[in-house]
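Engineer: Protein chains in written order, with our numbering: chain L, 1 to 551; chain F, 552 to 850.
Honestly, the hints are just simulated from the structure, not real lab data.
Don't be surprised by glycine CBs; every beta carbon is placed ideally from N, CA and C.
Be aware that a few hints might be false.
[Claimed, not checked] Label-pair ranges, simulated between beta-carbon atoms:
| hint | chain 1 | residue 1 | chain 2 | residue 2 | range |
| --- | --- | --- | --- | --- | --- |
| 1 | F | G839 | L | P44 | 37 to 47 Å |
| 2 | L | L540 | F | W813 | 22 to 32 Å |
| 3 | L | F37 | F | K713 | 27 to 37 Å |
| 4 | F | R794 | L | L12 | 52 to 62 Å |
| 5 | L | A543 | F | K732 | 55 to 65 Å |
| 6 | L | F37 | F | F637 | 46 to 56 Å |
| 7 | F | H759 | L | P44 | 41 to 51 Å |
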Amino acid sequence: MTWELPWAWLWLLALIPVVLLHFLRRRERDFLVSALFLWEGVRPDQPHFLQRLRHRLDLLLLLQVLAVILFAFALSRPALFALRPSGATLLVLDASASTASEGVAEKIREEAKRVVRGSAGPWAAVLWTDPPARLAEPTSSQAEILRALDLYRPTLRRRPPLARALALFPEPWPRVVVITDNPAGVIGAEVIQVERPPNLGLTAFSVRPAPDGTRYEAFLRVLNATPKYQDVQVRVRTEAGEFWASRLLPPGQEEDLVLPLFGVRAGAFVAELLPGDPFPWDNVRYFAFSTGTVRVAFVGQEDRYLWAALRAAASAVRAEGTADLYVAVSTELAGEPVGPALLVAAGSPDCPGEGFRPAGALRAEPSSLLAHVSLEKIRIAKVYALRLPPEAKVLAWAGELPLLVLWESPHGRRAFLTAELGSSNLPLLPDFPVLVRNLLGWLLPEEPAPLLEVGETLRLPPGYAVLTGEGPVEGLWSPEEPGLYALRRPDGTGYVAVNVPWEASRPPAPVEVVKPESPEAKVAVPLWPWVLLALLPLLLGEALLFAGGHG
Amino acid sequence: MGGAPGGVAGGTAAVELLSPAELAVLARARFALRRPRLLLPGGHLARRAGASLEFADHRPYQPGDDPRLVDWAVYARHRKLVTKVFSREVEAPLYVLLDASRSMALGGKLSFAARLSAAFCFLAYRAGDRFAVYPFSETVQFLGRPRRGRAALAKTFAELSKISPLGRTDLARALSAWAEKVGEPGFCLILSDFLAPGLREGLLALRHGRHAVAAIQILAPQDLSPAVAGEVRLLDVEEGRGRSLSVGRAALRAYMEALRRWNAALLSACQELGAAFFLFPAEGSPVGAALTVARRWRP
Chain L
1 MTWELPWAWL WLLALIPVVL LHFLRRRERD FLVSALFLWE GVRPDQPHFL QRLRHRLDLL
61 LLLQVLAVIL FAFALSRPAL FALRPSGATL LVLDASASTA SEGVAEKIRE EAKRVVRGSA
121 GPWAAVLWTD PPARLAEPTS SQAEILRALD LYRPTLRRRP PLARALALFP EPWPRVVVIT
181 DNPAGVIGAE VIQVERPPNL GLTAFSVRPA PDGTRYEAFL RVLNATPKYQ DVQVRVRTEA
241 GEFWASRLLP PGQEEDLVLP LFGVRAGAFV AELLPGDPFP WDNVRYFAFS TGTVRVAFVG
301 QEDRYLWAAL RAAASAVRAE GTADLYVAVS TELAGEPVGP ALLVAAGSPD CPGEGFRPAG
361 ALRAEPSSLL AHVSLEKIRI AKVYALRLPP EAKVLAWAGE LPLLVLWESP HGRRAFLTAE
421 LGSSNLPLLP DFPVLVRNLL GWLLPEEPAP LLEVGETLRL PPGYAVLTGE GPVEGLWSPE
481 EPGLYALRRP DGTGYVAVNV PWEASRPPAP VEVVKPESPE AKVAVPLWPW VLLALLPLLL
541 GEALLFAGGH G
Chain F
552 MGGAPGGVAG GTAAVELLSP AELAVLARAR FALRRPRLLL PGGHLARRAG ASLEFADHRP
612 YQPGDDPRLV DWAVYARHRK LVTKVFSREV EAPLYVLLDA SRSMALGGKL SFAARLSAAF
672 CFLAYRAGDR FAVYPFSETV QFLGRPRRGR AALAKTFAEL SKISPLGRTD LARALSAWAE
732 KVGEPGFCLI LSDFLAPGLR EGLLALRHGR HAVAAIQILA PQDLSPAVAG EVRLLDVEEG
792 RGRSLSVGRA ALRAYMEALR RWNAALLSAC QELGAAFFLF PAEGSPVGAA LTVARRWRP
């Protein structure tokens with residue numbers, strides 16, 4: 001034990017006036033008797049000094065003496081020597097997405113403070129996330145580093161290799177303490193692993209159009225990283241509606257789900273997992289296709305039924321120049337269009353027409369593109385005869401003439417509907433928009449939009465902007481939260497889906513934590529705050545004793 | 552009270568003063584205040600002789616005596632005329648004189664005395680006798696004539712439970728006043744700490760009233776051996792006077808000697824005037840004290 005201010009022991013001299021005042025004060029205790037006359041003949045005792053002293057000693061005097069001694073002890077600033085790890089300590093605090101689980105960040109902060117209180121210093125702290133950041137500059141002040149640790153907050157970003165975080169403080173550190181919920185990838189440093197709560201999450205989510213273009217298929221992977229069976233429900237939301245599925249997941253298992261999504265073309269999808277858990281960020285995942293509006297170049301005869309069917313199947317807008325889709329009706333194209341094309345009673349240089357012919361009985365090959373299309377209801381008077389290449393595939397016939405033809409031409413996909421719409425009841429039937437939607441699904445297969453993780457940077461070309469809550473962002477954009485963000489493009493709008501890193505959902509792999517040995521040094525632990533703390537109840541007890549009449 | 556022998560219904564005071572277990576103990580006991588050659592109405596004897604079927608004594612024949620009362624068997628043997636005297640069956644009520652002065656509040660003496668009074672009243676109730684309690688300090692409170700029965704017991708218990716210390720003890724004045732007021736001889740129990748002068752004068756007054764008297768002294772632990780040391784101011788709880796004293800072993804010894812002498816004087820006065828004397832500490836059992844008195848007192 002050591003004293004920073006040993007001369008403060010002189011305060012013990014205050015005991016002299018305390019004891020003197022106590023003994024100088026006359027103290028007679030009242031004692032009730034039934035008959036005073038029995039005491040009248042009693043002569044007073046003459047006790048010797050020690051007896052008198054013993055009679056005058058009471059609890060209040062003892063407490064006063066103890067208070068003076070404790071006060072002098074506290075003023076001398078006593079301290080105890082304790083062995084603590086010596087040398088500078090670099091704290092690496094995991095701030096990646098998995099630490100956003102309920103309670104994990106608080107545990108990491110408390111562990112960091114415990115390390116600081118148990119070491120001699122100096123200290124520095126770095127956030128282990130992407131990108132790594134300095135949380136506290138090197139300091140020898142314990143109060144300063146503790147204040148800096150209070151600023152620690154988890155992010156929803158990926159965790160880079162540890163070396164990137166350590167590179168922020170390149171000077172040699174005798175002791176590096178990594179505090180994380182996942183010690184994988186930590187080599188050569190002391191690791192403190194905090195426990196992560198059980199997690200139930202979506203570890204994968206993707207959507208693709210079916211090959212025949214009639215529907216979407218959502219692919220989901222659900223992880224049950226809890227110690228018990230979980231009855232989970234998965235909901236996929238689109239602009240068209242909601243699709244549900246449920247599974248009973250054994251503990252520690254991961255299962256794949258394929259969910260068919262029927263309906264109109266959709267650009268964005270949200271998958272949700274129920275019930276909730278302490279890490280809610282992976283209970284919602286986002287997916288989007290890049291296709292926004294479909295630019296349609298219309299050639300030939302106008303047909304409002306066909307245009308309405310195109311609008312119903314996709315977000316179609318008319319285009320004069322570059323187009324995503326060429327639509328020709330009752331005409332013969334002068335040049336072969338580049339890109340997908342829907343030709344209705346029309347021909348092109350590669351498939352020239354040969355004029356209208358009377359239609360025969362309708363029949364069809366089995367094809368998913370004709371799903372929900374009833375040929376029995378359709379009445380067609382004339383069909384446009386075409387000279388088809390051998391690779392073309394005929395899906396339906398009107399007598400001996402092709403009615404519906406698909407062809408993968410070198411210039412793009414081609415769909416031929418040879419029926420003359422003006423002399424047919426097909427545009428009036430509900431089957432018509434279904435057929436057009438199926439054809440569009442084959443002609444325009446969607447491409448996935450850029451899928452980002454939180455913190456990942458997206459470089460936006462000129463004319464592109466992401467619409468966020470704070471307004472449109474151009475140039476470089478780095479999302480801070482998962483979600484579906486609208487992407488404004490020169491040719492329309494689309495989506496960008498942002499998710500938390502997939503790795504954050506997975507439980508940490510068991511890793512053998514090796515604690516490197518660090519040298520120890522003697523550190524003075526101040527005792528005076530505890531002494532002052534003990535003084536408070538002592539003074540309170542004295543006050544109560546005095547108020548109670550013992551004084 | 553349902554389970555209490557004697558069934559003192561209607562008195563919550565009985566529960567406060569004596570527990571059902573204590574009442575059961577008292578109910579099993581017999582208040583055997585018998586005195587040979589005295590009269591026995593019911594269970595108790597009176598001091599007044601009279602005519603009855605129970606022979607009491609002989610006395611020399613005097614002219615005018617009824618010849619039928621001459622004991623001719625004695626005359627045949629001793630040739631002396633003697634007349635037979637028979638006891639007269641009269642009631643002898645139980646009077647409990649309870650000191651309720653301020654000194655009785657010290658050390659639970661008054662509480663003990665009230666419970667002891669209740670125990671005596673319960674014994675009298677069980678024997679079918681009349682009883683009454685008279686608290687006193689400087690004067691006596693006359694709460695009524697002696698009564699018998701359950702209602703009287705319940706009322707007495709209620710009064711005992713409400714009793715509170717007041718005033719200073721004046722034994723001579725209080726006992727004399729009481730003896731003048733109460734003409735019917737009976738058994739008289741005086742419950743007090745007797746730490747005040749005047750007992751002798753009081754006993755004389757009671758003797759004139761032909762009462763059988765027992766003086767029951769109740770002392771608190773701080774009366775018997777005061778736990779006091781050092782510089783103290785002794786305050787008389789009744790008179791308010793005080794005295795500063797340095798108390799040590801010698802002073803305590805002197806006090807206890809003074810108390811012993813005082814009690815010896817009390818005993819002497821009681822013996823001289825034919826009264827019984829009992830001393831009980833206040834921390835003892837009042838039921839045990841009542842049974843002791845009932846067993847040992849031979850008026």
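Engineer: Each hint needs a verdict: does it hold in this structure or not?
Structural biologist: Structure-based check of all given hints:
no.	hint	result
1	G839(F) with P44(L): 37 to 47 Å	39 Å, holds
2	L540(L) with W813(F): 22 to 32 Å	47 Å, violated
3	F37(L) with K713(F): 27 to 37 Å	31 Å, holds
4	R794(F) with L12(L): 52 to 62 Å	40 Å, violated
5	A543(L) with K732(F): 55 to 65 Å	57 Å, holds
6	F37(L) with F637(F): 46 to 56 Å	50 Å, holds
7	H759(F) with P44(L): 41 to 51 Å	44 Å, holds
Going down the numbered hints, you'll see the structure goes against 2, 4, while the others check out.
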